[in-house]
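Chemist: Generate coordinates for the entire structure from the input sequences, incorporating the hints supplied.
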Amino acid sequence: MRGNAAAELAETFPDPPRGYDTRLDVIQAIGAGAVPIVNIAPVTPDDVIIKQNIVYGMGGEHELKLDLYRPAEQNGVVPGLIFVHGGGWSGGAKKDYRFYGLHFARLGYVVVSIDYRLSGVAKYPAAVEDTKCAVRWMRANAEELGVDPNRIGIAGGSAGGHLSLMIGLSSGVPELEGTGGHADQSSRVQAVVDLYGPADLTTDFARENENAIKLLKRFLGSTLDENVPLYQQASPITYVDANDPPVLMLHGTIDEVVPVNQSDLLAAALENAGVPYIYDRLPGWPHAMDIAKPVNDRCVWFMERFFAKYLEGPAPTEN
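This note's numbering applies: residue 1 is where the sequence shown begins, and numbers increase by one.
Hints were generated in silico from the structure; no laboratory data involved.
Fair warning: there could be bad hints in the mix.
[Claimed, not checked] The calculated EDC-like cross-link candidates involving lysine to aspartate or glutamate, where the alpha carbons are at most 20 Å apart (straight line), are:
#: 1; residue 1: Lys309; residue 2: Glu8
#: 2; residue 1: Lys51; residue 2: Glu73
#: 3; residue 1: Lys123; residue 2: Glu63
#: 4; residue 1: Lys65; residue 2: Asp96
Model, not experiment: these values are computed from the prediction.
Modeler: What follows is the structure, encoded as C-alpha cells:
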C-alpha cells in the first residue's frame with residue numbers, strides 16, 4: 001500500500017489475502033475450492049432498479065448502450081459511477097460488471113456499465129470517444145437521474161482501466177472527445193479507479209510480448225515501431241498533470257497480461273505531478289484478480305472508501 005493520499009483514505013488497511021507464486025497456482029487454488037470466486041451474474045435485489053440497453057450516444061452508425069443501476073429508494077442527489085469493462089479492447093460486455101453495478105447501487109450510487117466500440121468495429125480513438133460520451137450523457141441527464149454532475153467517478157479493469165485512465169487524465173483534449181453526442185457537456189470526471197490497466201503503451205513490453213503486440217495492433221492499427229506518436233497519444237501517462245482527479249490503482253504483482261510496472265510507472269508520474277493517488281500493489285495475484293472473492297472484497301473495500309472520500313459518496317459498508 002502506497003500513495004500520497006493513502007493516509008486520507010483510512011487510518012488502517014486490511015491485510016492482503018494470501019498470494020501465490022504463479023497464475024497457474026491461483027487457477028489450481030480456485031479449482032480446488034481454496035479460493036472462492038465472485039458471482040458475476042447475481043440476482044437483482046429488491047432494493048435496486050436496473051434499466052438495460054439505454055442508448056447513450058452514437059459511435060459512427062452504431063448505437064452506444066449502457067445498463068443503469070440505481071437505488072429503488074434514492075436519497076436525494078447522489079454521485080454517479082461509470083464502469084468500463086475489459087477484454088483487450090476487442091471483447092467483453094457491459095454485463096461483465098453487473099456485480100459492481102448492483103453493489104454500488106445498493107450502497108446508494110447511481111451506476112452505469114457501458115458498452116463501447118470494440119477494436120473489431122472501430123480502431124482507437126473510438127473506445128476513448130465512446131467512454132467520454134458516456135460521461136457527457138450522465139452529466140446531460142444528471143437531473144433526471146438524481147446525479148450530482150460535479151461528482152462523477154469512473155472505474156474499469158484491464159482495457160477498461162486504460163479507458164478510465166484516459167478519460168480521467170486526458171480531460172480537455174479535444175481530439176479525443178468524438179462526436180457521439182451531448183457536445184455541450186464536459187467529459188471530466190472527479191475520481192478514477194484503475195484495476196490493472198495499461199498506462200504506458202510505449203514500453204518494451206509492447207514490442208516484445210506477442211499477446212500485447214497483437215492486441216495493441218488490433219486496437220491502434222499499427223505496431224509501436226510503426227507509429228510511436230500514436231502509442232504516446234493512446235497512453236494515459238502522457239496526460240498526467242497537476243489538474244488531474246484523484247486515482248486509485250489496484251494491481252497484482254504476478255500479472256502477466258499487464259505487467260505491474262505499468263502501475264509503478266503511473267504511480268511515479270502521479271507522485272511527481274502532485275496528483276492524489278492510492279496504489280494497492282497486491283502481492284501474488286494475477287490479471288483479472290478481482291474475480292477471486294478475497295481480492296474482490298479488498299478491491300471493493302478500497303473503492304467504497306475512495307468514492308466516499310473524493311465523491312462525498314455514501315458511507316462504506318462495515319466489514
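Chemist: Confirm or reject each hint.
Modeler: Here is how each hint holds up against the structure:
no.	hint	in the structure
1	Lys309 with Glu8	8 Å, holds
2	Lys51 with Glu73	15 Å, holds
3	Lys123 with Glu63	16 Å, holds
4	Lys65 with Asp96	14 Å, holds
Violated hints for the displayed structure: none, as all numbered hints are satisfied.
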